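2 protein chains.
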Amino acid sequence: MSTVYTQDERARLAPETARAVFRSGTVEPTSGWSHGYAQANMISVPEDWAYDVLLFAQRNRKPCPVLDVTDAGASGTVLATGADLRTDLPKYRVWEGGELVDEPTDVLGHWRKDLVTFLIGCSFTFEFALTTAGIPLRHVEQGRNVSMYVTNRQCRPARRLHGPMVVSMRHVPAHLVETATRVSGLMPEVHGAPVHVGAPIKLGIQDLAKPDFGDPVRPLRGDVPVFWACGVTPQAALMASRPPFAITHAPGHMFVTDRPDSEYRLGAQ
Amino acid sequence: MSTVYTQDERARLAPETARAVFRSGTVEPTSGWSHGYAQANMISVPEDWAYDVLLFAQRNRKPCPVLDVTDAGASGTVLATGADLRTDLPKYRVWEGGELVDEPTDVLGHWRKDLVTFLIGCSFTFEFALTTAGIPLRHVEQGRNVSMYVTNRQCRPARRLHGPMVVSMRHVPAHLVETATRVSGLMPEVHGAPVHVGAPIKLGIQDLAKPDFGDPVRPLRGDVPVFWACGVTPQAALMASRPPFAITHAPGHMFVTDRPDSEYRLGAQ
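Chains as they are written, first to last, in the UniProt record's numbering: chain A, 1 to 269; chain B, 1 to 269.
Check before you lean on any hint, since a few could be wrong.
One copy or any two copies: either way a pair holds, since identical chains are not told apart in the list.
Unchecked claim - Dumping the calculated SDA-like pairs for lysine to any residue here, alpha-carbon to alpha-carbon at most 25 Å: (1) Lys113 / Leu137; (2) Lys62 / Gln154; (3) Lys113 / Asp52; (4) Lys202 / Asp212; (5) Lys62 / Asp258; (6) Lys113 / Arg156.
Just so you know, these hints were derived from the structure itself, not from any lab.
Given the structure is predicted, the values throughout are model-derived calculations rather than measurements.
Go ahead and model the full structure; you've got the sequences and the hints to work with.
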């Protein structure tokens with residue numbers, strides 16, 4: 001399945017089709033794929049680290065809203081019927097002692113029976129709502145991954161896990177910042193409202209053109225940088241806290257779920 | 001501090017004063033105390049059961065919204081400066097192997113260094129908002145604890161923990177049910193909108209006059225029973241799953257936090 005999809009075709013793909021495309025080896029950031037469906041960050045750790053991760057997420061809900069936690073060894077999730085978490089993401093990262101050791105397109109060869117997988121809300125989930133509200137997505141327009149940065153804000157530690165908050169950044173036309181804040185604020189389980197608008201240095205970010213994860217994205221005249229808490233935060237915690245083993249998604253290469261994004265809008269529960 | 005407070009005086013007590021009153025041995029349900037401040041259910045388990053409890057809560061967010069988790073052995077919480085979780089609730093329950101073995105007014109003599117404490121959102125938190133919206137609270141009017149019932153709805157299990165959902169019930173005048181639903185629905189971290197309105201038998205409840213926890217409360221003419229998910233659900237899981245040891249609050253005898261209830265209203269984060 002090496003078909004190249006246009007932007008419009010990607011947006012309209014059913015989630016299970018998108019997952020099949022990635023399972024077949026297509027490697028692309030998932031922003032703009034399967035509009036209207038929630039996407040998720042993934043982190044798998046040995047079971048004896050699972051409580052640390054879940055507690056870290058509970059204590060840092062803004063960057064780490066938990067959508068599902070699997071039983072140890074399970075490769076499926078309640079978020080997507082028939083999905084296989086070991087193959088259905090476009091790209092993974094494998095970590096040993098906090099070091100990135102591999103970046104494969106599936107993790108069948110790395111899987112372990114003691115792995116507990118956390119699926120964490122992703123801001124790509126509210127991008128469809130942003131688009132619908134008339135907000136342009138510069139990274140999608142430019143065919144790039146969203147820009148992500150490690151900030152100077154420390155998360156509340158949980159047992160052996162500690163680390164800084166990571167943010168995603170979108171350039172938003174100044175007159176639409178209020179709309180972007182309101183629309184994303186209605187979806188707190190996928191990071192909600194921005195954590196900062198305007199001055200990267202306030203988050204300790206020296207140069208917007210040099211993201212720590214993802215690609216640099218060019219602003220247009222009149223754009224303002226808007227920063228949202230990001231589900232790559234647990235990866236920064238892995239790097240800082242060095243558990244013996246972990247698997248994550250590669251930043252921007254998310255798990256596309258079957259859950260309509262409307263389920264994560266305020267008042268839906 | 002054996003002062004008897006009127007209903008109005010209780011409502012106006014600062015949270016730290018309410019906690020001091022309970023610390024001094026006053027034993028009363030906390031509904032109607034310290035209006036405008038969040039109240040919390042409490043469950044403390046040995047550290048090797050902590051992941052089970054946190055995962056159970058994550059998988060059953062409606063009855064078990066987690067407001068804070070302490071480090072093992074800690075008796076304080078970020079929810080209330082200077083509070084002592086071992087003394088500041090009006091009444092506790094001590095559990096061994098799923099059996100209730102004691103119901104003391106403090107747990108200093110039962111405390112263990114390996115206990116992890118979970119503070120879970122409580123529907124008493126939205127009662128001030130209900131009152132403000134003109135909804136009478138029959139249990140407060142009648143000077144009784146709220147009625148709580150074990151339902152026929154099973155929670156999603158988590159490792160060694162399983163059990164049925166518990167609900168609290170309030171009699172609401174029929175023409176105000178919509179208002180009660182809307183007002184509580186705005187506060188999902190303290191159980192949010194009702195899980196059922198009208199027919200107790202739909203939840204497997206045979207007789208409203210015989211609650212499983214709390215007191216029976218008389219309806220007035222035109223009242224309809226409205227059921228909310230309840231933070232006593234983890235106690236039902238203790239009874240069903242029989243961990244070796246646990247401490248909880250006594251139903252209706254909650255931890256009064258320093259957090260304004262407005263923090264748990266939608267859009268506050």
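**Message:** Within a copy, between copies, both or neither: which one fits Lys113 and Asp52 at a CA-CA cutoff of 25 Å?
**Reply:** both (18 Å within a copy, 18 Å between copies)
**Lys113 and Leu137: within-copy, between-copy, both or neither at 25 Å Cα** = neither (40 Å within a copy, 51 Å between copies)
**Request:** Could you figure out if Lys113 and Arg156 sit no more than 25 Å apart (CA to CA) within one copy, between two copies, both or neither?
**Result:** Between. Shortest inter-copy distance 22 Å satisfies the 25 Å Cα cut-off; intra-copy 29 Å does not.
**Status of Asp258 relative to Lys62 across identical chains (alpha carbons, at most 25 Å)** = both (22 Å within a copy, 21 Å between copies)
**Asked** What label fits Lys202 with Asp212 when the C-alpha limit is 25 Å: within, between, both, or neither?
**Response** Answer is within: at 16 Å inside a copy they meet the 25 Å cutoff, but 53 Å across does not.
**Asked** For the identical chains here, do Lys62 and Gln154 meet the 25 Å Cα criterion within one copy, between copies, both, or neither?
**Response** within (13 Å within a copy, 29 Å between copies)
Hint violations for this structure: number 1 only, all remaining hints satisfied.
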